[in-house]
Amino acid sequence: MDVPLYLRPRVDPPLASLLGAAPFLHSLVDALGSPLNVLLPETIAENAERFRAVYRRHHLTGRVYFAHKANRSSALLRRLAAEDPAHVGVDVASPAELRHALGCGFTGDRIMATGPKDPEFLWLAARVGATVNLDSLRELDQLAELVRTYGLGRADVLVRLSGFESVDGHGGAGTRLLSRRSRFGTPVREVETVLSAVERHADAVTLTGLAYHLDTTGLAEKGRALERCVLLMDECRARGLAPRAIDIGGGFGVGYVADAEEWERWTTALSEAVLGGRPPLTWRGHGYGLRNEGGTVRGSVALYPGHRPHAGPGYLDELLSLPAPVLGRAPGTLLLEHLHDLHIEPGRALADQCGLSLARVLDVRPTGEGPDQYLVRLGMNAGDVSLEEHGVLVDPVLLPRGGPEDGGQGPVGVHLVGNLCLEADLITRRLVFLPALPRAGDLLAFVNTAGYAMDFHAHRAQRQPLARTVAVVGEGDSWRWCMDEDYWPITHPGGKPV
Amino acid sequence: MRYDSITEAIGNTPLVRIDPAVHGLRNIDLYAKLEMLNPFGSVKDRPAWHMARPHLEGAGAGEGTVVELSSGNTAKALALLAGMHGLRFKSVTNRMRVPEIKELLLLLGAEIEELPGRSECLDPTDTDDPLTHFHQALSEPGSTYLHTDQYFNPRNVEAHAAGTGPEIVKDLDGRAPDWFVACVGTAGSSTGVARVLREHDPDVRVLGLVAHKSDFIPGIRTIDEVHQVGLFDPATYDTIESVTSGEALDGMLTLVRRCGILSGPTGGAAYQGAVRHLRDADSALDGSGRRETAVFIVCDRAESYLSYVRARRPELLGRAVRGHTLASLTEDDVRAEALSVGVEAARRRIAEGDPGPLVVDLRSPHAYAALHIEGSVNIVDELFEELVRGGLPFGKRTPVLLACPVGEKSLRYAALLTRMGHPEVRSLAGGIVAWRDAGAPLVRE
Ligand SMILES: Cc1ncc(COP(=O)(O)O)c(C=O)c1O
Numbered sequence: 001m002d003v004p005l006y007l008r009p010r011v012d013p014p015l016a017s018l019l020g021a022a023p024f025l026h027s028l029v030d031a032l033g034s035p036l037n038v039l040l041p042e043t044i045a046e047n048a049e050r051f052r053a054v055y056r057r058h059h060l061t062g063r064v065y066f067a068h069k070a071n072r073s074s075a076l077l078r079r080l081a082a083e084d085p086a087h088v089g090v091d092v093a094s095p096a097e098l099r100h101a102l103g104c105g106f107t108g109d110r111i112m113a114t115g116p117k118d119p120e121f122l123w124l125a126a127r128v129g130a131t132v133n134l135d136s137l138r139e140l141d142q143l144a145e146l147v148r149t150y151g152l153g154r155a156d157v158l159v160r161l162s163g164f165e166s167v168d169g170h171g172g173a174g175t176r177l178l179s180r181r182s183r184f185g186t187p188v189r190e191v192e193t194v195l196s197a198v199e200r201h202a203d204a205v206t207l208t209g210l211a212y213h214l215d216t217t218g219l220a221e222k223g224r225a226l227e228r229c230v231l232l233m234d235e236c237r238a239r240g241l242a243p244r245a246i247d248i249g250g251g252f253g254v255g256y257v258a259d260a261e262e263w264e265r266w267t268t269a270l271s272e273a274v275l276g277g278r279p280p281l282t283w284r285g286h287g288y289g290l291r292n293e294g295g296t297v298r299g300s301v302a303l304y305p306g307h308r309p310h311a312g313p314g315y316l317d318e319l320l321s322l323p324a325p326v327l328g329r330a331p332g333t334l335l336l337e338h339l340h341d342l343h344i345e346p347g348r349a350l351a352d353q354c355g356l357s358l359a360r361v362l363d364v365r366p367t368g369e370g371p372d373q374y375l376v377r378l379g380m381n382a383g384d385v386s387l388e389e390h391g392v393l394v395d396p397v398l399l400p401r402g403g404p405e406d407g408g409q410g411p412v413g414v415h416l417v418g419n420l421c422l423e424a425d426l427i428t429r430r431l432v433f434l435p436a437l438p439r440a441g442d443l444l445a446f447v448n449t450a451g452y453a454m455d456f457h458a459h460r461a462q463r464q465p466l467a468r469t470v471a472v473v474g475e476g477d478s479w480r481w482c483m484d485e486d487y488w489p490i491t492h493p494g495g496k497p498v
Numbered sequence: 001m002r003y004d005s006i007t008e009a010i011g012n013t014p015l016v017r018i019d020p021a022v023h024g025l026r027n028i029d030l031y032a033k034l035e036m037l038n039p040f041g042s043v044k045d046r047p048a049w050h051m052a053r054p055h056l057e058g059a060g061a062g063e064g065t066v067v068e069l070s071s072g073n074t075a076k077a078l079a080l081l082a083g084m085h086g087l088r089f090k091s092v093t094n095r096m097r098v099p100e101i102k103e104l105l106l107l108l109g110a111e112i113e114e115l116p117g118r119s120e121c122l123d124p125t126d127t128d129d130p131l132t133h134f135h136q137a138l139s140e141p142g143s144t145y146l147h148t149d150q151y152f153n154p155r156n157v158e159a160h161a162a163g164t165g166p167e168i169v170k171d172l173d174g175r176a177p178d179w180f181v182a183c184v185g186t187a188g189s190s191t192g193v194a195r196v197l198r199e200h201d202p203d204v205r206v207l208g209l210v211a212h213k214s215d216f217i218p219g220i221r222t223i224d225e226v227h228q229v230g231l232f233d234p235a236t237y238d239t240i241e242s243v244t245s246g247e248a249l250d251g252m253l254t255l256v257r258r259c260g261i262l263s264g265p266t267g268g269a270a271y272q273g274a275v276r277h278l279r280d281a282d283s284a285l286d287g288s289g290r291r292e293t294a295v296f297i298v299c300d301r302a303e304s305y306l307s308y309v310r311a312r313r314p315e316l317l318g319r320a321v322r323g324h325t326l327a328s329l330t331e332d333d334v335r336a337e338a339l340s341v342g343v344e345a346a347r348r349r350i351a352e353g354d355p356g357p358l359v360v361d362l363r364s365p366h367a368y369a370a371l372h373i374e375g376s377v378n379i380v381d382e383l384f385e386e387l388v389r390g391g392l393p394f395g396k397r398t399p400v401l402l403a404c405p406v407g408e409k410s411l412r413y414a415a416l417l418t419r420m421g422h423p424e425v426r427s428l429a430g431g432i433v434a435w436r437d438a439g440a441p442l443v444r445e
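For the protein sequence lines, the chains are V and Z, in the order given. At position 169 of the first sequence the residue is numbered 169 (UniProt numbering), and the sequence of numbers has no breaks. At position 435 of the second sequence the residue is numbered 435 (UniProt numbering), and the sequence of numbers has no breaks.
Okay, chain Z solo, but in the shape it has when bound:
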């Protein structure tokens, strides 16, 4: 395969059969359409290119900005496409809730504008709605914004009607599947594919999946939110069901761990929702001698969602504990092993000790710079934790005085260092707060 441009690699994604031993359906063949294998990594590569292409190929280099309301895959694809054509890309969103995706967008050179939260006090005269401002800015005369408008742009649907749908039919030897399952975000993929499949076979059943209302699955909408999507037409779907983030993760794990498909949460939601829905249809087929076919879409890949997984299933990403850590200390250990010293005694030790103690301030560098005990060194706690994991960071003959804001964290570290064999570690009782309240001097950098 040789291409002149990466955009030629968009589309022609594989249709992969899921092993029946995994999904357990006896009479239905289940296929995954791997949109994650598009070059920018998602099902949005097609519509992004189809929507932007006429403008980008016409645009003079380096003029204007592509804008879209997107927190994820469309933004990613558009940012790459804009960059290739010398344009800028701006994403406006209130849904940038997955940090990796945000960081990836920044890496791609995107600008991100995050919409404010809702007003706490209702103001019926409020015209300050940021979305309104956004649309006003777009329609200002002379504005060089290109708004791809994925939620309303028919080219979003066309991209799938021209590509995704026909590819499925071709790979099923010219037949439409009996079932098509898709998560609903902009409704572009489900609408476009459903249209093509129905042209081949009006009896194809389309299952639309949305996120459970109080839940969050990146990239798909809740049942209320789909009503705000211009491309959404309830008639497209024979059934609309909701899935939870838990189900999305379950499905994602099955695809990742048992099928070798490195799917993200929406692919997982589509898989799990499909199997859940098809179970009854499958039983009904028992003994009929008929086989049916179902296709679902795997929208994108797992890598961008690690923090999403970490927030919901931390046990899946558990790190093995090594070395000396605070976690290995119980409250009783801390009480039994840590020694602390009050402000007055600490001042005396600093002034008269021979050698005087090394004062370690565990606060953040910014707080340390603002005010600290003269002569102290700053090792922020996160770093200190890493440091002691490997062993004692100072010699045993150097007395150490640990300080944190109120003397709680430093007490735990004092216990840990004592356990590690340091003979003279003390924690400043009451911390820097007590030091300040006692009127002891603090200096600025």
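Only chain V is shown next, with the shape it has when bound in the complex:
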């Protein structure tokens, strides 16, 4: 076996010390079962503060809206609800998320309703005074109708736009920036129609801003969309509308892998393995989107960029600092000079380092395919941590039952399989290297799963237990915990006032 291809996770302080408390984590799983999700509500507040620091650096006002879809926890939401209402809000994409946000202490004026909306969702949003981030013209018509029919107050709306690439002449002569198509929002070329409708519905809605959410890591595309919105805000004002905010959505990203070199070594090895130049790195030689065509690698790799030089607040800072193509100034300067508020909707990035998913090791046996490869069966399945679904590749942290074991067996390659009777139930398709062979009873901790990975796909297949979720709070050298639904930011777990 050559050097183990580790992809060790980035683990920042509070999460790192929690991982150091292995006996505590073992006792939690003993009591509550495997799998188990553990959340650090304090960290999401710190993340919001890091985004706010970028706002301050650029002298910008506006709100950070947590995209609730990234995690369904009450603790995270309640902790954010306790933050300054002028700075932190929540983005909800379903009626249930909206009810949950209200139940966690968000008042309607701190809530942004996004995504496609049924009449019930629109009604409830308007009823509680949430801002409606309009997905389509039809939604606008429906909303206005509901406001009139039920005598609701005027609803604040943002118009969500898409299709920025097709704007003629934008981006300078001769250059066209292609963009991934989105099925959400109104194409920019139809913005006239929507603004006219907003004017027509002036008795029922107030335009408070423009919005977009682009599914891309490309800064240039986002910079262009932002600048385009600044130009369109001007058109809105010229029409006599008075929007104030530009909502630039989420997609700020998370760096999962600690070490750039490990990430690079692994992805290089993937290309080589696909070409047959080295043994497979994955279950049955899966290529994550790459394929070998006559000795040349074709296709594009379907993986989340595991190591990112700029993620989260750093990415926002870069976006705000990049010179804009038409007006020449950086988006941060443009927003400031035009007196616009900036809204952002980070999901994954706000949940960065906020939690981990624990699984008990149930069984360890040789694969029969190599002298040093093993199958490790976990008390968890691919629905509980949807790492594969999101293309996130990162090693779990081994937490031995009785502290570190001797034996000194050294690194070992294992395939992590789940508790379903399905060939496809692999926690990850990757051959994972662990510092030592685990034993039944040990725990594997999947770090940084709070954003989308934790409970996005969990289902009741085969009646396996669903993960319970607990919130933990550090207290000196020890940790206190409570069930997620029992967490409130004003009391310590257990009910003692802070």
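Worth flagging that the hints you see were computed from the coordinates, not collected in a lab. Glycine included, each C-beta is placed from N, C-alpha and C at the ideal position. Incorrect hints may appear among the rest.
[Claimed, not checked] Each computed EDC-like pair below joins lysine to aspartate or glutamate, with the alpha-carbon atoms no more than 16 Å apart: (1) Z:Lys213 / V:Glu272; (2) Z:Lys213 / V:Glu262; (3) Z:Lys213 / Z:Asp201; (4) Z:Lys213 / V:Asp259; (5) Z:Lys213 / V:Glu261; (6) Z:Lys90 / Z:Glu63; (7) Z:Lys90 / Z:Glu103; (8) Z:Lys90 / Z:Asp149; (9) Z:Lys213 / Z:Glu225; (10) Z:Lys213 / V:Glu264.
[What the hints assert, rightly or not] Residues from chain Z that face chain V, not an exhaustive set, calculated with beta carbons under 10 Å: (11) Asn12; (12) Lys102; (13) Leu106; (14) Gly109; (15) Pro116; (16) Asp224; (17) Gly230; (18) Pro234; (19) Ala369; (20) Val377; (21) Val380; (22) Pro405.
Position chain Z with the ligand relative to chain V; hints supplied.
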């Protein structure tokens, strides 16, 4: 030399010896093949012409578009060739990271399509891959695209096998060098030259240089990216090594400042990578009485990479500071010398002052047009900085009120103007934002 067409000036580039005092190798003669002296400026002139020629010379004037996935020299050569033959040129790329090159392409009349970034949320059903669209568009019936396909087209390699390689052998008096060093982009030049050299001497050693994985050197690929190149065959190279952008710049500086060779970063990478690799071989030759020869390729010229240099080694392009600048003020200077005035007092001065202050809005013209203080003039900060460098832009008897978004920039300028001797400059405290928040009126153009 008299030619009927610029294309006749492609090829026959010089082979220039690098002074041993510069590279320090005692037993190896190092030569630079100056592909930068091709008429369009790079090693890509040959393959671009060789790939496009059969189509261009056959094409009716003004029909169709030449397309290529290129962010640099191939695009440049093809744009010029297409233009000469009355065709259009389109470059599709996600690597247009050097602004001068992009602007040069626009000057040449190229259309540029930039591919989007990666998807943030993985969608396994995604068929929206722009490259796929690109290839679909090319193969649509009736499409008038000519795709030169530099990463897969064997004519790319042939151009070098027919030209670059034989020229090197000829200039070395009929012998192949012992070493050949080339950066790998499309692998065309290294593959074509290596083939010819090996025909002369199977023992020639070929060193392929790629960019360090996390780094960016315009025009060459990283070790992962070369596997996606159809012309790339690992067997072509005895060794493949990676170089960093830092090494590329070091090499470029040596060539530019000590050898009189106006090379770009890839030439620098080839030089630096060659010397790094040859050092051991050179020591091994000590005392053997043998001399060896090595050739590397200088792909293109320095001028297009100034912003690349500026981003990585700003000190190399440092401009001397002259006149009055903000940079000459410390935070303490600003605190000590600048005077500001709140919104209410400013409104009073504007209404009642005699003379009232000249209000200067330092924001961009677009923001100013959208909303500004009535009667203010707009001098965008970049311009204002240039203006004050030369002296005070208004008379000392005119009171001045400077405004920017939050009153930070204007405060610095207020300090500067005060230092320059203006007796009555104020900065609007809290800026236009505070003005708006106080409910004071703003007008549109
Ligand atoms: C409208 C909207 N806002 C925000 C987000 C959150 O994005 P992320 O988790 O990448 O920050 C999403 C994700 O799908 C979205 O659709």
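Taking each numbered hint in turn, which are not upheld by the structure, reported in ascending numerical order?
3, 11, 20
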